[in-house]
Amino acid sequence: MKFLDSHVHMVSRTTDDYQRMAAAGVAAIIEPSFWQGQPRTEVGTFKDYFNTLIGFERFRASQFGIRHYCTIGLNPKEANHVKLADAVMELLPLYVCKEGVVGIGEIGFDDQTAAEEKYLRLQARIAVEANLPIQIHTPHRDKKKGTIRTMDVLEDAGVDPSMVVIDHNNEETVKMVLDRGYWTAFTIYPHTKLGTERMVEILREYGAERIIVDSAADWGISDALAVPKTAALMKERGIALDLVEQVTYRNPLLVYGQSGQIDERDWEGAEGIDPSALFEGNTLLRGGMDVATAMSQYLIIE
Amino acid sequence: MRDQLLDVLKASSPPAAFDWLRERIAEQEAHFQRNAFYFAFSGVSRHFPKHDRIPDDLAEKVDASGKVPGFSIRGWDLFRLARVILLLTLAEQDQETCLTTLFAVLDTADVRERVAIYSASPLLPWPDHLRDTIIEGLRSNIVDVFDSIALNNPFPAAHFSEASWNQMVLKALFLSRPIYHIYNLEQRRNPALALAISELAHERWAAGRKLSSEAWRNCIGFIDDGIAKDLRHLLNTGESHDRQAAALVLAEDSNSLIPEDLRETLKEEIAAVADEKLSWQTLGEAITPLVVLNGSPTPSQSVKRS
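Chains D and L supply the protein sequences, listed in that same order.
The opening residue of the first sequence carries number 1407 in the numbering used here; numbering runs sequentially from there.
The opening residue of the second sequence carries number 1049 in the numbering used here; numbering runs sequentially from there.
Read the hints as simulated data drawn from the structure, not as lab findings.
Some hints here could point you the wrong way.
Claimed, not checked - In silico lysine-lysine, DSBU-like type, Cα no more than 35 Å apart, as pairs:
1. D/Lys1453 <-> L/Lys1098
2. D/Lys1524 <-> D/Lys1453
3. L/Lys1219 <-> D/Lys1453
4. D/Lys1549 <-> D/Lys1599
5. L/Lys1277 <-> L/Lys1109
6. L/Lys1219 <-> L/Lys1109
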């Protein structure tokens, strides 16, 4: 079994993570453009960041047999720095049609300001013009309202929900996002977002259609193995393997595949490390000690 | 050259992709616009098949034509060929337009775009204005990018200073690249490089590591007492490739500092050189390169022609 982690910030991760991800069966990853913790003060640092996502990080991942893709966009936090935001908007057209750019992201709301809404709307239009999927960051504060507002803005901008992944959902937002036709992603992230056990229960309740599990591992306390760990726990708790594969591999491939920039053939049969072979070799999904040993950590992320 | 490359691209590509490129070229020739060039250059990835390479027989015809000695398109994927053709179209503009556009494209280029730009370097005019940017490209640790400059590219041999040349060769050895693909390696040999190779070998040996046997090719003609000792060391590494490299050096270098017993010990290998059974080419081919995964399509995915 193999995985596609459709939200992970590898620029903040070490080669140890890459090695463990490859060993755990992560075949491909999508790295959204985001805030880097330290606010940027110059447009040039955005350019070099985007260049890293389509350049060095892609190479770094390939050294471990992992295929790296990205989404390009102006994140909601830095959208509030209006002068800088306008300069970043001028850069975006240079990147949206690059190879391996599978969408516009991660965009959305943070503080839910007027500036955030303005740049969300502008970027939604770029996505429509370029026929690219959108990866949405939903706010941590006042999440429910922010999620509704995001969907309203997108629909008003003429975006088709089937082209959008709304991320960082929880028990409170899942139903309305699914009901409005969006791909509904869950971030397994210790403490501030969602744990693996809650994810298992959500899957039991809502099934696997249009559901996606990702790690959003970044510079904070997070787990680059969140996707394979969640899959292992799902298996352990009796969820059918087909459903596990749907939410950890096939669904993200379907939605981001609409860009024409990500295709299973990119890693199937490619030379080098075969993640699925390693995965079977580690007997990762067979439960018990093997799982814990292969992933060096316990499966339950609180 | 461009017409020849266009013929190869046409024979290797889906007609719709090739027609798209022809239209972009016609537009550029009728009325050059920088933004249109940017989008065409990036847009190659939206129109050509991502994994397909030029068939070897077509590539060999271009290489064999010898229009640009040392230039080779063997193993290129279609993205690279299509983009090099676009750059040759750009090169028809005046110097200011061409260089400004080229540097702007490089400024936001992804890995495969960067590879195309460096691959085109020996075909572009105004090499003196490109030299610094090509040297900058070699600072990359992305193997595809490094290879596009260092291997099968005549630009460095023709335009690099000795210091830049030596840095390139040493870095190629660091990255375990097959240096028999470096064009004019023998013509650019120099004593500073020979000494640096010797020093690098000592560092590696002290750490219990290996140095590619190909490295010693750079020392021919510059053997001093120190390098003569290194050659003796090569007999004791237990690696047949090291022995062969030492023999290749001795066969080409008649320096009197080389102890006669070395020649005696290696006489079989030296005879193989005389019989043309052993050469730097055969040695380079025999050394299994370190597997480097580099994000490009693999040879097994090369296009099959019907």
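Do the hints match the structure? See the list:
no., hint, result
1, D/Lys1453 <-> L/Lys1098, "holds (25 Å)"
2, D/Lys1524 <-> D/Lys1453, "holds (21 Å)"
3, L/Lys1219 <-> D/Lys1453, "holds (28 Å)"
4, D/Lys1549 <-> D/Lys1599, "holds (11 Å)"
5, L/Lys1277 <-> L/Lys1109, "violated (44 Å)"
6, L/Lys1219 <-> L/Lys1109, "holds (31 Å)"
The structure fails to meet hint 5 from the earlier list, while all remaining hints are met.
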